[in-house]
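Trainee: These protein sequence lines are chains A and B, in that order. Counting from 1, one number per residue, gives the positions in the first sequence under the working numbering. Counting from 1, one number per residue, gives the positions in the second sequence under the working numbering.
The set of hints was computed from the structure by calculation and includes no laboratory data. Some hints could be false.
Straight-line Cα separation of at most 20 Å, DMTMM-like style, residue types lysine to aspartate or glutamate; simulated pairs [as the list claims (entries may be wrong)]: (1) Lys254/B / Glu56/B; (2) Lys7/A / Asp315/B; (3) Lys238/A / Asp259/A; (4) Lys145/A / Asp155/A; (5) Lys271/B / Asp288/B; (6) Lys56/A / Glu380/B.
Here are the simulated distance ranges between beta carbons [to be verified]: (7) His157/A / Gly226/B: 36 to 44 Å; (8) Thr80/A / Glu380/B: 28 to 36 Å; (9) Pro343/B / Lys224/A: 36 to 44 Å; (10) Glu83/A / Asn3/B: 40 to 48 Å; (11) Pro220/A / Asn32/B: 44 to 52 Å; (12) Met190/A / Phe384/B: 36 to 44 Å; (13) Ser189/B / Glu158/A: 50 to 58 Å; (14) Pro343/B / Ala221/A: 37 to 45 Å; (15) Ala235/A / Gly226/B: 57 to 65 Å; (16) Thr284/B / Val135/A: 29 to 37 Å; (17) Gly226/B / Glu158/A: 33 to 41 Å; (18) His157/A / Thr263/B: 52 to 60 Å; (19) Thr284/B / Arg216/A: 50 to 58 Å.
Remember, it's a predicted structure, so these values are computed and weren't measured experimentally. The C-beta atom is built at its ideal place from N, Cα and C for all residues, glycine as well.
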Amino acid sequence: MWDYTNKVMDHFRNPRNVGTIENPDGVGDVGSLACGDALRLMFKLDNEKKKITDAKFQTFGCASAIASSSALTEMIKGMTLEEAGNVTNQNIADYLGGLPDQKMHCSVMGKEALEVAIENYHTGKCSKVILEGEVICKCFGVTRKEIEHVIQENDLHEVDDVMNYCKAGGGCGGCKPDIAEIITEVRAEMTPATEAPQRKMTIVEKVRLIEETIEREIRPALQKDGGDLDFVDLAGNKVVVSFRGMCAQCKSAQFTMKDVVEAKLREFVSKDIIVEEDKA
Amino acid sequence: MKNIYLDNNATTCVAPEVIKEMMPYFEELWGNPSSMHFFGGQVQQYIELARAQVAELIGAADPSEIVFTSCGTESNNMAIYGVAEALGSGYKIITTRVEHPAILATCRHFKEHGHEVVEIGVDGNGRINLEELKKELSSGPAIVSTMWANNETGVIFPIDEICEIVKNAGGIFHTDAVQAVGKLSINVSETPVDMLSLSGHKIHAPKGIGAIYIRKGTKLKTFMTGGHQERGRRAGTENVPYIVGLGKACNMAKEFIASGQETTVAKLRDKLEQGILANCLDTTVNGDIAHRLPNTTNISFQYIEGESILYHLSDIGVAASSGSACTSGSLEPSHVIRAMGVPFTSAHGSTRFSLSRYTTEKEIDYVIENMPTIANRLREMSPFV
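With the hints as extra help, turn the sequences into a complete structure.
Mentor: Below is the structure:
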């Protein structure tokens, strides 16, 4: 059995706000029978069209999908549309005292239904823009925008995380390389957790920051595979490294350099860094 | 109402008689059978008795054709690994898409190591495509492994027919009979399989003990190497209490089948199935109902999801299982349900009830009575109803 919290089980056993609303102000439909879970969310606004006065749901899905839907309706009742728009999937999971990693996609489904419902109120359209566009995971019909969205919102690093949050890659697995690429792209663009210093770094500071980043963010991952790397030289924005151990003979070293070393240094040191391998 | 256990294809309770039989081998007869002293020496005879009991249940001509293992998975691994390694990559490996992961994963391992591996499909009722099997066998020597009966749907493969086809083509045939042993009458003297896997905990022995039947003359590379136990075919100190337990469980299963009690189980299963189909809307049975284990039914509840059904059943003390995505440990429904091409509207709500000789009519009545409430609660919540 899953390690569900008591709150998840309570909302599963006694779901709040099941049903439909007559003449709703917003309707959000996400998921499908094929995907194994689906949610229809409806809400009603007050006369000033500001606050959500009622919210109802219908869900096809597992215990955590039902609990997430129930929690969502409880959370948004009384909220203004702006407040509801700021609800994240993590808020839903937190409301339930947490969800197992593999079930985070249930909270994402809730969040997406809410987005679609709000968009439906504003534009009359039936599907949110993040659910449109290029489909990356054909098994579950997950779009590039949806994947980018869960990575940003939940600070995801691994393909498996993306799978847990939005199911992408969870079928045949054929799109996993694409997802890995999207992760790299999105993370490269994300504002680094540690704000880049305003003034120009001195060369000594830059070297120290590169060393710290290698030590903290890069080396542990390489050592896990029996490899390592040395920081050889720095010239302007060009960082020269040399691979050691398993990495030295690894066929995917080129990939590691661009997608791990360079991505991390760009994230934590400076956006313009270029990494090169020491061929000497 | 006490707890009702209808998940016997997952595991079974250990029969009290089996536990009783095992106890002396923890308390007094704990010697190592290989030892050159009385502590060990007195134990060997009980291992041989258990071996004879296993051989008798499946009709093996000679008890020495039975090798004890730790579980069904080990037996399956040993069979595929043993012959694939012994015969080399010139032999194609043929299996089916609905096998247990213990077979599928092992075959896929050999696919990565030079063997041609083919997985044969099944039809919408879970029946094997024999024409495809014949076609695959026509291109050269092959190792074939198909299950006797499916764990999820209970569908029985026509093993006599498969065996004949494989033998006529000069192939080696292994069958994973983990679900069939103890539920069906099996006789390897009449059905000339080369190897057959069985597991203790599916037939009221404990977990941690299994066996494999290896017909005399079958070439097998040793999978577990070390000491000379089991005539050098499976190294490791014998798990004496569990071997004795498996022997007793086989002995009890033999009597159970001989007395025709499986018919009683089948009647209860049919009552449960008909009760659910009659009282719950949008339900269908998965699998070939004419060729099915007597204890198993796999029912799809359309428009509702399996995990939710199981949790609600569990709340009222009923244990069952599901092939839905959320319970299969992945994001997709079980590979068996998918191989059968069960539509998605039904796949996510597939629920398996598997009975045992200990299941009572009262228990079945209780499930029939309560199932509609659970299904309706979830249907009321479903956006598709």
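Trainee: Hint by hint, note whether the structure agrees.
Mentor: So, going through the hints one by one against the coordinates:
Of the pairs offered as hints, the one joining lysine 254/B and glutamate 56/B holds, with about 8 Å between alpha carbons and a cut-off of 20 Å not exceeded. At roughly 15 Å between alpha-carbon atoms, lysine 7/A and aspartate 315/B fall within 20 Å of each other, so this suggested pair holds. Restraint check: the Cα-Cα separation between lysine 238/A and aspartate 259/A comes to about 16 Å, which is no more than 20 Å; the hinted pair holds. Pair hint lysine 145/A plus aspartate 155/A holds up; C-alpha atoms about 15 Å apart against a cutoff of 20 Å.
The straight-line distance between the Cα atoms of lysine 271/B and aspartate 288/B is roughly 17 Å, inside the 20 Å bound, and the hint therefore holds. About 13 Å separates the Cα atoms of lysine 56/A and glutamate 380/B, which keeps this hinted pair within 20 Å; it holds. At roughly 43 Å, the beta carbons of histidine 157/A and glycine 226/B sit within the given window of 36 to 44 Å. The hint said 28 to 36 Å for the Cβ distance between threonine 80/A and glutamate 380/B, and at roughly 31 Å that hint holds.
Between proline 343/B and lysine 224/A the C-beta distance comes to about 43 Å, which sits within the given range of 36 to 44 Å. Glutamate 83/A and asparagine 3/B have their C-beta atoms about 45 Å apart, which keeps the hinted 40 to 48 Å range intact. The hint said 44 to 52 Å for the Cβ distance between proline 220/A and asparagine 32/B, and at roughly 45 Å that hint holds. A beta carbon spacing of about 38 Å between methionine 190/A and phenylalanine 384/B agrees with the range 36 to 44 Å that was offered as a hint.
At about 54 Å, the beta-carbon gap between serine 189/B and glutamate 158/A stays in the expected band of 50 to 58 Å. A C-beta distance of roughly 43 Å is found between proline 343/B and alanine 221/A, which places it inside the suggested range of 37 to 45 Å. With their beta carbons about 59 Å apart, alanine 235/A and glycine 226/B fall inside the hinted range of 57 to 65 Å. The hinted range of 29 to 37 Å is satisfied by threonine 284/B and valine 135/A, whose Cβ atoms lie roughly 31 Å apart.
A hinted range of 33 to 41 Å holds for the C-beta pair glycine 226/B and glutamate 158/A, which are about 39 Å apart. Histidine 157/A and threonine 263/B have their C-beta atoms about 57 Å apart, which keeps the hinted 52 to 60 Å range intact. Range check, threonine 284/B to arginine 216/A: Cβ separation about 56 Å, and the 50 to 58 Å hint holds.
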